[in-house]
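Below, each chain spelled out in residue letters.
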Amino acid sequence: MISAIFAENLTRRFGQFVAVDHISFEVPAGQILGYLGPNGSGKTTTIRMLLGILHPSEGRAQVLGYDVVSQSEQVRASTGDMSQKFALYHDLTVWENLTFYAGMYGVREERRVREVLYELGLDEVQTQMAQTLSTGWRQRLALATAIVHRPKLLFLDEPTSGVDPLARRAFWDLIYSLAAQGITVMVTTHYMDEAEYCSLIGIMRAGKLLALDEPQRLKDSLPGQVWEVYVDPLLPALEMIENHPAVRHVGLASDHLRVITTEGEPIAIVTKALSEKNFQVRTAQPGIATIEDVFIALQ
Amino acid sequence: MTETLIRVSGITKNFGVVRALAGVSLWVKEGEIYGLVGPDGAGKTTLIRLICGALRLQAGRISLCGFDVADETERAREQIGYLAQRSAVYEDLTVLENLKFFAEVRGLPKEEWAERCRWLLEFVGLAEFTGRRAGQLSGGMKQKLALAVALIHRPRVLLLDEPTTGVDPLTRLDFWRLIIRLVRGEKLTVLLSTPYMDEAARCTRVGFLHKGHLICEGTPRELRSRLAGRILELIGEPASLLIDLSRADRQVEDVQRFGNSLHLRVQEGQAEMVIRRLNEAIRKAGGRVHRLQLVEPLLEDVFIVLSEG
Numbered sequence: 025m026i027s028a029i030f031a032e033n034l035t036r037r038f039g040q041f042v043a044v045d046h047i048s049f050e051v052p053a054g055q056i057l058g059y060l061g062p063n064g065s066g067k068t069t070t071i072r073m074l075l076g077i078l079h080p081s082e083g084r085a086q087v088l089g090y091d092v093v094s095q096s097e098q099v100r101a102s103t104g105d106m107s108q109k110f111a112l113y114h115d116l117t118v119w120e121n122l123t124f125y126a127g128m129y130g131v132r133e134e135r136r137v138r139e140v141l142y143e144l145g146l147d148e149v150q151t152q153m154a155q156t157l158s159t160g161w162r163q164r165l166a167l168a169t170a171i172v173h174r175p176k177l178l179f180l181d182e183p184t185s186g187v188d189p190l191a192r193r194a195f196w197d198l199i200y201s202l203a204a205q206g207i208t209v210m211v212t213t214h215y216m217d218e219a220e221y222c223s224l225i226g227i228m229r230a231g232k233l234l235a236l237d238e239p240q241r242l243k244d245s246l247p248g249q250v251w252e253v254y255v256d257p258l259l260p261a262l263e264m265i266e267n268h269p270a271v272r273h274v275g276l277a278s279d280h281l282r283v284i285t286t287e288g289e290p291i292a293i294v295t296k297a298l299s300e301k302n303f304q305v306r307t308a309q310p311g312i313a314t315i316e317d318v319f320i321a322l323q
Numbered sequence: 002m003t004e005t006l007i008r009v010s011g012i013t014k015n016f017g018v019v020r021a022l023a024g025v026s027l028w029v030k031e032g033e034i035y036g037l038v039g040p041d042g043a044g045k046t047t048l049i050r051l052i053c054g055a056l057r058l059q060a061g062r063i064s065l066c067g068f069d070v071a072d073e074t075e076r077a078r079e080q081i082g083y084l085a086q087r088s089a090v091y092e093d094l095t096v097l098e099n100l101k102f103f104a105e106v107r108g109l110p111k112e113e114w115a116e117r118c119r120w121l122l123e124f125v126g127l128a129e130f131t132g133r134r135a136g137q138l139s140g141g142m143k144q145k146l147a148l149a150v151a152l153i154h155r156p157r158v159l160l161l162d163e164p165t166t167g168v169d170p171l172t173r174l175d176f177w178r179l180i181i182r183l184v185r186g187e188k189l190t191v192l193l194s195t196p197y198m199d200e201a202a203r204c205t206r207v208g209f210l211h212k213g214h215l216i217c218e219g220t221p222r223e224l225r226s227r228l229a230g231r232i233l234e235l236i237g238e239p240a241s242l243l244i245d246l247s248r249a250d251r252q253v254e255d256v257q258r259f260g261n262s263l264h265l266r267v268q269e270g271q272a273e274m275v276i277r278r279l280n281e282a283i284r285k286a287g288g289r290v291h292r293l294q295l296v297e298p299l300l301e302d303v304f305i306v307l308s309e310g
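Chains as they are written, first to last, in my numbering: chain A, 25 to 323; chain B, 2 to 310.
Treat the hints loosely; a few may be bogus.
[Unchecked claim] Pairwise CB distance ranges, derived in the manner of DEER restraints:
1. P239/B - D115/A: 37 to 47 Å
2. E263/A - G167/B: 46 to 56 Å
3. E269/B - R135/A: 42 to 52 Å
4. R135/A - V106/B: 58 to 68 Å
5. P239/B - E139/A: 22 to 32 Å
6. E123/B - S81/A: 34 to 44 Å
7. D197/A - R76/B: 41 to 51 Å
8. T117/A - S241/B: 27 to 37 Å
[Stated by the list, open to error] Interface residues of chain A toward chain B, partial, derived using beta-carbon atoms under 7 Å:
9. N63
10. I171
11. G186
12. L190
13. Y215
14. M216
15. D217
16. Y221
17. C222
18. E252
19. D256
20. L259
21. S278
22. P310
No wet-lab data here; the hints were simulated from the structure.
Glycine included, every Cβ here is placed at the ideal spot set by N, Cα and C.
Given these sequences and hints, build the entire structure.
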C-alpha cells in the first residue's frame, strides 16, 4: 500500500539557513498526524514542500504516491489545505464561498457543494454572510473549502487556536469522520490538549524531526519519571529545586509541583534536599506523563 | 489573614438586550492565580474588562484592594496591570520608548521610571532589545513587552485575557515562569482567562463561567473530583465498533475520542458494571480490548459536563 506521506532526507535551505534539515518519515493513510514544534522550527516549510509549493533543496517526498516536485499538479489536486488565517470572503455567503472554492478546484457539480455543506452541518447557515459567523462556524467553513474537491490528504494549520473545548471537540469529531473515510490528516498545533487527539505525533526543533510516534509510545519513552510533589511553601520550593541536578523539569500544577526527574535519579534526592531546607514535603507520588512533558524533554 | 484583593459582588452587565453577566460574584485572595474558563461567549472577557474599569456595570460592585471600581476608578486602576488578548504596544516605537510612554501615562515620576524599566526589561528577558522596534519583535517577545508594560506602575493585581493564545509551547512555558516569579517575588495576584484546560490546571483556583453565570468554582483537584470514578479509558480495535458499542450502553453518558483511545463517562457507581458489560460485548462482536479501566478525570472532561449542564 502507498503511504499517504513519504519523506526521505527532506531538506530546505534559505540561503545559509537550514529551515528543514534531512527529515525522514512515513505516514499510512487514515492517520491523524499532529506536528508540534516552536515557532520557526520548520513545520510550515515542511508542509509547503509536501504541498508542492516549495521545492526541497535536498531529499525527496511523495504525497499519495506522487512526487512533490515532478508531479506537483497531481499533489495539489489531491490535497486540501486549511490555513491558520482562513481566507474566506467576508461579504459572500457560506454557499457562495464554498462554490467559489469548488470552482477554483474545477469542481462544478452543485451536488458536491450541497454534500459538503450537509456533511459539516453548514446547511443551516448557508445563506449567512461569512462575516456574521462565529469563530467555530468559520472554522467549519474553512474546512469545507479545504475538502470540497475530495482530497485524500488534508493539512490543517492550528485549526482550533483559541476556541473552547466544546467547539474544539465538535471540530475534531468532523476530523475523525474524515479520517475514518481514509483521508489522512496532518495538523500543526501549539496546544498539547489538541495533540492528545492525534493518532501520531511528530516533534520538530530547529529543522530536525526529533521524534514521530504514537502518543502513548512517546509518553512511555520519556526519560525520567513524573512526580506529583505536595510541598509547603509551594512557590519557594519550586524556585529552590528548579536548578537541582536531579530535576529535569519542574512546573506549578495548582496546589502541587509536577517534577520530572533526571533519568535514573530517585525522587528521594529531591525531597530530601527540600526537607533539609525546612520545606514541608507532604507526599510525592508518581504522575502520568503528558505530550507536553515529552515535548519539553526533547527541546 | 490573607487579604482579598479582587472582590466582585453580584455584578450584572447587559449589552442591549443581551445579558452578558448575571449576578456574578467571586473573590480572589492575595497570591492566588485564578483561572477563568468557560465556553466562547460565556462572559470571560466582559468580566475582565469590568474589573479593570473599561466597561460600566449595571448592577453589583467590584472593588480592587479595597477601592471601588465605580466610585474610586482612578485608585482602583492604579492597582491593576492588564494584558488584553491583542497586546497593545506601539509597533513603530522601540521597546524602551514603549515602556517610557506607558510609564508617563501611568504618571510614574521621571526619577523612578528608568530604574523600573531596567528591572522589567531584565526580568522579561528583553534587556538586549531595548532599541528594537516593537513591530520587529517575535510574537513571544512582543507579549513579554506587553507584560512589562502592564507591570510598569507596580500593580498588585494582574489581569490577563487569554495571554497565551497562539503562542508556542516553549514561549508559553517561559511566560508561566515569569508569572510564578511575579506571584512569588512581587506578591502579585493574578486573574486570567483561558480556553486551554492544561493551562487552567496550573491555576490555584478555577471558576467556570457559563452563559453569564459563575456556575462552579474550586481548585483543579476539587473540580476533577466531581467526576471521580466516572471516566473510563478504552483502547482497542476496531475504533468504530468500540464507539458504537460504548454509545449503545445505557449507562455510558458520553463518548469522546482522544486519538487512539476513548474516554467514556459513565453514570455514578456504574463503572465496574460497564467495564464488565463492554468487555463482553466487544469480544462477542469480534473486537479487541487492549485496555478498559477507570482513569483520573481531566479538567477537560469536567468542562464538557459543565458546558452541557
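request  = Confirm or reject the claim that D197/A and R76/B have a C-beta distance inside 41 to 51 Å.
outcome  = The hint (41 to 51 Å, Cβ to Cβ) holds, given that D197/A and R76/B are roughly 49 Å apart.
Checklist entry - Given G186/A was flagged as interface, is its beta-carbon under 7 Å from a beta-carbon of chain B? => result 4 Å, holds
Next on the checklist: Holds or violated: the hint that D217/A contacts chain B, with Cβ atoms closer than 7 Å.
Outcome noted: Where the cut-off is 7 Å and the nearest Cβ of chain B is about 5 Å from D217/A, the hint holds.
Looking only at beta-carbon atoms, does the pair P239/B, E139/A fall within the given range of 22 to 32 Å?
26 Å, holds
Note whether the CB distance of E269/B and R135/A lies within 42 to 52 Å or breaks it. 47 Å, holds
Cut-off 7 Å, beta-carbon criterion: hint that Y215/A touches chain B | 6 Å, holds
Please check whether M216/A passes as an interface residue: C-beta within 7 Å of a C-beta belonging to chain B. Holds: closest Cβ of chain B sits about 6 Å from M216/A, inside 7 Å.
Status of the given 37 to 47 Å range, CB of D115/A versus CB of P239/B
45 Å, holds
Checklist entry - Should the interface hint for S278/A be scored as holding, given a Cβ-Cβ cut-off of 7 Å against chain B? => result S278/A check passes; min Cβ-Cβ to chain B is 4 Å, inside 7 Å.
(message) Just to be careful: measuring from the Cβ of L190/A to every Cβ in chain B, is the smallest value less than 7 Å?
(response) L190/A check passes; min Cβ-Cβ to chain B is 5 Å, inside 7 Å.
- Task: Take a look at whether the Cβ-Cβ distance between E263/A and G167/B falls inside 46 to 56 Å.
- Result: With a Cβ separation near 29 Å, E263/A and G167/B fall outside 46 to 56 Å, so the hint is violated.
Was the hint right that I171/A lines chain B, CB cutoff 7 Å?
-> 19 Å, violated
In this structure, the earlier hints numbered 2, 10, 18, 19, 22 are contradicted, and the remaining ones agree with it.
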